[in-house]
Every structure is written in C-alpha cells, then in structure tokens.
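Chemist: Respectively, the protein sequence lines represent chains L and R.
Residues 8 to 202, numbered by the working numbering, are exactly what the first sequence covers, in order.
Residues 8 to 202, numbered by the working numbering, are exactly what the second sequence covers, in order.
Hints are computed from structural coordinates only; laboratory data are not their basis.
Accuracy of the hints is not assured; some may be wrong.
Just so you know, same-sequence chains aren't split out, so a pair can sit in one copy or run between any two.
[As the list claims (entries may be wrong)] Straight-line alpha carbon distances no greater than 20 Å define the calculated SDA-like cross-link-like pairs of lysine to any residue that follow: (1) K29 / A98; (2) K29 / R83; (3) K29 / S103; (4) K29 / G150; (5) K29 / E101.
There are 2 protein chains.
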Amino acid sequence: MSEPALDGLIDALRRLPGVGVKSAQRMAFHLLQHDREGARRLAGALTEAVQRTRHCARCHTFTEGEVCATCEDPRRNPQLLCVVETPADQAALERSGSYQGLYFVLMGRISPLDGIGVVDIGAAALLERAADGVVQEVILATGFSAEGEVTAHALAAALRARGLKVTRLARGVPAGSELEYVDLGTIAYAMGDRR
Amino acid sequence: MSEPALDGLIDALRRLPGVGVKSAQRMAFHLLQHDREGARRLAGALTEAVQRTRHCARCHTFTEGEVCATCEDPRRNPQLLCVVETPADQAALERSGSYQGLYFVLMGRISPLDGIGVVDIGAAALLERAADGVVQEVILATGFSAEGEVTAHALAAALRARGLKVTRLARGVPAGSELEYVDLGTIAYAMGDRR
Numbered sequence: 008m009s010e011p012a013l014d015g016l017i018d019a020l021r022r023l024p025g026v027g028v029k030s031a032q033r034m035a036f037h038l039l040q041h042d043r044e045g046a047r048r049l050a051g052a053l054t055e056a057v058q059r060t061r062h063c064a065r066c067h068t069f070t071e072g073e074v075c076a077t078c079e080d081p082r083r084n085p086q087l088l089c090v091v092e093t094p095a096d097q098a099a100l101e102r103s104g105s106y107q108g109l110y111f112v113l114m115g116r117i118s119p120l121d122g123i124g125v126v127d128i129g130a131a132a133l134l135e136r137a138a139d140g141v142v143q144e145v146i147l148a149t150g151f152s153a154e155g156e157v158t159a160h161a162l163a164a165a166l167r168a169r170g171l172k173v174t175r176l177a178r179g180v181p182a183g184s185e186l187e188y189v190d191l192g193t194i195a196y197a198m199g200d201r202r
Numbered sequence: 008m009s010e011p012a013l014d015g016l017i018d019a020l021r022r023l024p025g026v027g028v029k030s031a032q033r034m035a036f037h038l039l040q041h042d043r044e045g046a047r048r049l050a051g052a053l054t055e056a057v058q059r060t061r062h063c064a065r066c067h068t069f070t071e072g073e074v075c076a077t078c079e080d081p082r083r084n085p086q087l088l089c090v091v092e093t094p095a096d097q098a099a100l101e102r103s104g105s106y107q108g109l110y111f112v113l114m115g116r117i118s119p120l121d122g123i124g125v126v127d128i129g130a131a132a133l134l135e136r137a138a139d140g141v142v143q144e145v146i147l148a149t150g151f152s153a154e155g156e157v158t159a160h161a162l163a164a165a166l167r168a169r170g171l172k173v174t175r176l177a178r179g180v181p182a183g184s185e186l187e188y189v190d191l192g193t194i195a196y197a198m199g200d201r202r
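Modelling step: build the complete structure from the supplied sequences, incorporating the hints.
Modeler: As structure tokens, this is what we get:
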C-alpha cells in the first residue's frame, strides 16, 4: 500500500508530541475508516486555532484578543507575578484556586541538551514585564524537573539583580500521600522546609 | 482560560484514538506554541486524505483509485483471499513478504460489548467477494484476541456453508522467543498444533 494522501496524513500526525509511527497509522486508519466527520472537524479546528489564537501581549499565554482575560481582570493582584513554563501549567494553577495575582508564561524551559537557552524561553520579555514598577514579588512556578530547576535558578538570578523579590513554589509531600510511598528526595525537602 | 478556538482544537484532538484530555491539551499547546506550520500541514493533510482516500471496490482497503494496486496486480494469486481486520493488519502481512494472494479488509471485528455485530464489519460484502468463482481458499487472518477469534469463527461458518475452503493463521510460539517467557496458552496451542 502506498497511497500519497494517506502517507501524508500519517507523516503530519507523527509531528504531534508523543505520537510515533504506529500511533499515527492507527489514528489515520481510524479517522478514514470510522470517523471522517472527526477528521474534517479536526482540520477545521486546527485552521481556526492557528488563525485566531495568539499570545497575550502582557503575559504571553494564549488568547484571541490583544490582552488575555486574566491580565485585564481588575480583581487580580498586579503586585504578584507568577512565572510558569506553559499555558497548561497556568491552567493547573488556576484550577487550584490558590492564586489571585497575574502570570507570565515562558516559551518552555531551559534545556541545554535540546539547545534551548535562557534567550529562547523569552526571559528578556519577562524581565521587562517584571520591571513595570507595580510587580512586588515574582513567584517562580516552573517545574521541579532538572530543566525546571535550572530555569528557575537562572531567572531568579536575573530578577534579583534587578532588585525584585523572588520566591519559588514550596516543595514537599503531596496532599493525600502516605509517607512510605513518597520518594526520599521529596521527604528530605519536606523535612528541610518544615514549618 | 477559556479560548473558544483553543478549546475546539482540544475537543477535536480528543476524538483521536488513544488521546485523552491531557494529551490533547499537550498537543494543542505544542502546535500553537512551537509548530504552527505543523498544525497547518496537519489540517491540509486531513482534508486531502478525506477527499482523496476511499475504499477499494474489491477488497475495501484504502486507495485513491477505484480499485487498489494490490487487487489490480496480475502477479497476485486470485485463488487465495486473506481476510484481515484493518488496513494496518494488511500492511503487516505485506511487510512479512509471506503472502502472494489477494486481500479482503473488514470494517474492524465483531465486538458484542460495543454493539458491533457480523453485519457491521461488512461480512455480506466478503461473502459476495469470496463467491466470485475464482477464490479457492479464504485465509482468516483476524487477530487472536477474543474479538478476533469470534470474528473468525462467525466468518468461517458462513464461508464454509457456501462450500469454500477456510483456513486460519497458525498459532504458536513467536519467532525469537524463549519458551520460558511465552504465556501458557500459547505453549498449549503450539503443542497441540505441533508439526
């Protein structure tokens, strides 16, 4: 079997994160065999999302306007700026209902192995945003992976050099965990940061 | 965050097999943040595949013509008809290089739990195809899952009732396997079908 349109679809699906050649094949066959309406809908949704979604001029999250709803919300505390790696992380923080300040969304995180440095993640825009004279505290909420830690470390240094107060999300035992199943590094952090 | 175009894209991605809400979010964010060109390409590939790909009039596999290249290949043995669940299974058999006959691709397999019966998988078209007077042997190459076995059983009965010779792919120990790691059911089949 060598059908150009089908092969093209499999190639295009493979560019999605987490999709290898087998999954791409399965998706393409499924769409063509059982869900052509879904394929048409996906094509339309892709086109529309690319056309309509852009980055908020202030915080760089996804928005359809010039500035996102969160940045324009007068009930938000403009003295707090929380830095996250992705819009998905921002969504998780929002769902937690624990934060009422504003956000800044990086273009990912520093990853030397992938050639992604501090310039590539939009650090310059963050420094400019944080220096608006209103922000009092920058909360670094990048992940606690190696890359997330490196990112937080580099940003903290640059922000502190500009006289800003910088904090980091607390590390510790996850809610609902039994201690015996928590990894030792986490327990050590939780002990060191006990309160 | 509630951005209609972004939410629409996440919804559309969730309809892909094996993609849950978290993966769909990650895909959508990745495309919009890092690969807008990939999103445009995928939209085009979807549209083109839906428009150009149809089912072969003889074997029901995907093709861009009226009849697929395999069915039109004069070097193929038209006396052998191999029945598979999906075009992906057909591709696997082709890669094995072990078969020179023709194919018939079902619309999946019988699955009572999902309400998919013998009518839904295109059995009527298979019976018509197999009764062309040329086919001498129908090889049932549906999977060896419970659903694949049920499908093979139902099709074998219907095909034999029409006087056709019906065979099934051999079960046994996979090539390259150590016996101690092979499951007991497979060993029992391999012993029973020893040659």
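Chemist: Please go over all the hints and tell whether each is borne out by the structure.
Modeler: A quick look at each hint next to the structure:
1. K29 / A98: Answer is between; shortest inter-copy Cα gap is 12 Å, intra-copy 31 Å.
2. K29 / R83: Close neither inside one copy (46 Å) nor across copies (27 Å); limit 20 Å.
3. K29 / S103: between (36 Å within a copy, 16 Å between copies)
4. K29 / G150: Answer is between: at 17 Å across copies they meet the 20 Å cutoff, but 30 Å inside does not.
5. K29 / E101: Answer is between: at 16 Å across copies they meet the 20 Å cutoff, but 35 Å inside does not.
Taken one by one, the earlier hints fail for this structure only at number 2.
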